[in-house]
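Whole structure, please, built from the sequences with the hints as guidance.
The listed protein sequences correspond, in order, to chains A and B. Just so you know, the first sequence maps onto residues 2 to 445 in this note's numbering. Just so you know, the second sequence maps onto residues 2 to 445 in this note's numbering.
Don't take each hint at face value.
For chains that are exact copies, the list does not tell them apart, and a pair is met inside one copy or across any two.
Claimed, not checked - Pairs of lysine to aspartate or glutamate residues, derived as DMTMM-like cross-links and limited to a Cα-Cα distance of at most 20 Å, are as follows:
(1) Lys50 <-> Asp172
(2) Lys50 <-> Glu173
(3) Lys317 <-> Asp174
(4) Lys50 <-> Asp174
(5) Lys377 <-> Glu349
Calculated directly from the structure, the hints in this document are not laboratory data.
Number of protein chains: 2
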Amino acid sequence: MTLARELARYAITATNAGIPAAALHEAKRSLVNWIGCAVGGSTHPAVDKTIAALLPFAAGNQCSILGRHERTDALHAALINGLSAHVLDFDDTHLRTLLHPSVPVASSLLALAERQPMNGRDFLVAFIVGVEIECRIANAIWFAHNSHWYITGTAGVFGAAAASSRMLGLDEDQTTHALGIACAQAAGTREMAGTMTKAFIHGRAAQNGLLAALLAQQGFTAAESSLEGPHGFANVLAPERDLKAIAAGLGTTYEILQNSYKPYACGVVAHPVIDACIQLRNEHQLRAADIERVALRVSPRALELTGIQSPPNGLKSKWSIYHSAAVALVDGTAGEHQYTDERVNAPEIRALRASIAATADAQLKEIAAAVTVTLKNGKTHTKVVEKVIGSAENPMSDGDLENKLRGLAQGILPEARIAALIALTWRVAELDDVTQLARAATPE
Amino acid sequence: MTLARELARYAITATNAGIPAAALHEAKRSLVNWIGCAVGGSTHPAVDKTIAALLPFAAGNQCSILGRHERTDALHAALINGLSAHVLDFDDTHLRTLLHPSVPVASSLLALAERQPMNGRDFLVAFIVGVEIECRIANAIWFAHNSHWYITGTAGVFGAAAASSRMLGLDEDQTTHALGIACAQAAGTREMAGTMTKAFIHGRAAQNGLLAALLAQQGFTAAESSLEGPHGFANVLAPERDLKAIAAGLGTTYEILQNSYKPYACGVVAHPVIDACIQLRNEHQLRAADIERVALRVSPRALELTGIQSPPNGLKSKWSIYHSAAVALVDGTAGEHQYTDERVNAPEIRALRASIAATADAQLKEIAAAVTVTLKNGKTHTKVVEKVIGSAENPMSDGDLENKLRGLAQGILPEARIAALIALTWRVAELDDVTQLARAATPE
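Structure, rendered in structure tokens:
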């Protein structure tokens, strides 16, 4: 039996009863986070431009664009809602692999739900199944793969295909082929960091997976050996890999339990620096005018990914550990409003950014950092962070996630609707019609 | 200046006057071949299934599906016509790189032409420009890339993006970004050989390129360094590469002059064996019943790509040098009717296929072969082919290409329309409205 068939069999036979309560709850937390990010991202220029380009190609208005008045068809909704949910770099992260689990799976599933009836329990199980499959494929390949590829663009498409296949009622053969068609669309290299195309790669994973399932539904064929074949996914895209990780414990362990949520709107490797800066600021009442210089000690990988010293715009600033440290010290936070073109060019942020130096320390864990602030009066303060907020070791609470959604949706959805959206998302498993979620996430 | 910018500048500034007559004529030959393949492929089950899956997502009926009654929007037309034009494995080949030049570029351009007015001369120049760009990128990377990837899926998308950008009137910045968005969609591994997904990868290159240009038109951003950057196309997808090949002689030499056309409906590496078998059959009046055994000597690469001994269906039989030899010896040809499920299972073909052995000979050129037939009466006949029909050294004539189109369109288009289609395609540069081509390629 090929790996794709093994995953396909799991995807269509998994049941609600077999899933532990903790996994079901974590899935709801993921959805609260995802839908907030999608609404919050919906006013970004990248979304405006995508809608302007693609609305002429919308086949009807069956599906919601979260946070917006416009409507579109299911394939475009999967892309646009996925792009929107990722464009702030604020969505969830499977920390081991850096895959962003919800964007491909939730964006394709909710779009499909507006096309055909789907109750909330089925939606939730399909979501967990899709996340499981993409994360397991990511577990097998992330080692060297992540240096070059966006793993959500490459592995995420399988999650979207599996979840969509399940909700379309495909059989094992069809689902196996859907995973093969997904494989043929695995794409997206890291050169696109700091451009709108990064978010496009993530949204496209949702759309590509849904498309794969729609084609497979008609009997379209692909290679069964898409994952392990000599010219298949792992051999071609992953110089190092551990294929055994894909199916080991399938249906017993749950990758959704490893999901993490960002308190800060940027790449997760920058988060320990931000944590440390906010703690130092608050403990010592630091003001930018008092700071002489700041020294960051981070993992080599963090510096590789976020080493932009003078970011030219908001999107690029998410990949600047210097900018993240500066806004954390000045604003005491690092939300979506800290990574705008305006904040990047603010004089006090520019000045402080220029006084920050970073060094790579191979002794540090990937998600850890030490920050030393030297004041003009000669005093120094140091903070080391090893358990970053949002990680499984130091998780955001359910209330933190609600507050995050509230902040993201503010000014985009009416207040009453935000409250309803939060309540509905926690109750997703009880909804007869999951499109209620989509309706609550649009401004009437 | 980045490579993408250099290509973008060329893409939008090239003029009809600068292109040699031979290149203009070769482009017309390419279009005759492409449109015939698209019409001929349009009745394939892979096209039926794609239309069934995607027609519910068509935004209107502005664009033709070649060879069919159904109509769709430009993005879907680019995919479906591209898939259709490749599904018989009968389309053109840039022999050095094995890229199939016309599918991405012509399929995206004709779809766009039905969306906005375009005269034939502009269409032809944009086609040549798109082919130039995809083939030059392919020239830089094909060496090791081709073992794993379908180069039309990876490099072809840049050709479609460049040609579409030109016809949308994008400026240099926008076109540079379009090439970046194209890069983010480069995909398609060789594991899909012999499945419908192979043709999907090729059609998707056309659609992905058009989508890239539509997004860039709205100001959507991508990395300028998409081709040569540390996490860009070449570094990630091509372990060996020669980036200098991309821009050397740009605007002076023309890759379209290296295009080749298939007399046989299968991978080009099998063609010398087919040539040799047809010659032996005709010279010695061979009949299957008289043949004891057949020995094929081919390049190692040909055997790697076409080594399926007992193909299970028509699509897989295109990757069986044994099947190709058997139909060539029995039928005296290897057109689209030789690679059907029915022909694969015909008893006389099965029996002959089982008597054929192939060996790899590293001394042979990639596109060369020797065939020895041993008869039941003990006689042997050998034929060596080094200049295969359809190559630049032994090209199909304009008349051959017309006959190929005629054969492909028979039974799909009315006779009078086939004649009109051929005449219109040769006159493409004189057409005020290139949609005449699309109309002539549909059955009213």
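Okay, the hints, checked on the actual structure:
1. Lys50 <-> Asp172: between (38 Å within a copy, 17 Å between copies)
2. Lys50 <-> Glu173: between (38 Å within a copy, 18 Å between copies)
3. Lys317 <-> Asp174: Classified as between; 18 Å across copies, 43 Å inside a copy.
4. Lys50 <-> Asp174: Between copies only: 16 Å across chains, 38 Å inside a chain, cut-off 20 Å.
5. Lys377 <-> Glu349: Cα proximity of Lys377 and Glu349: one copy only (16 Å, versus 92 Å across).
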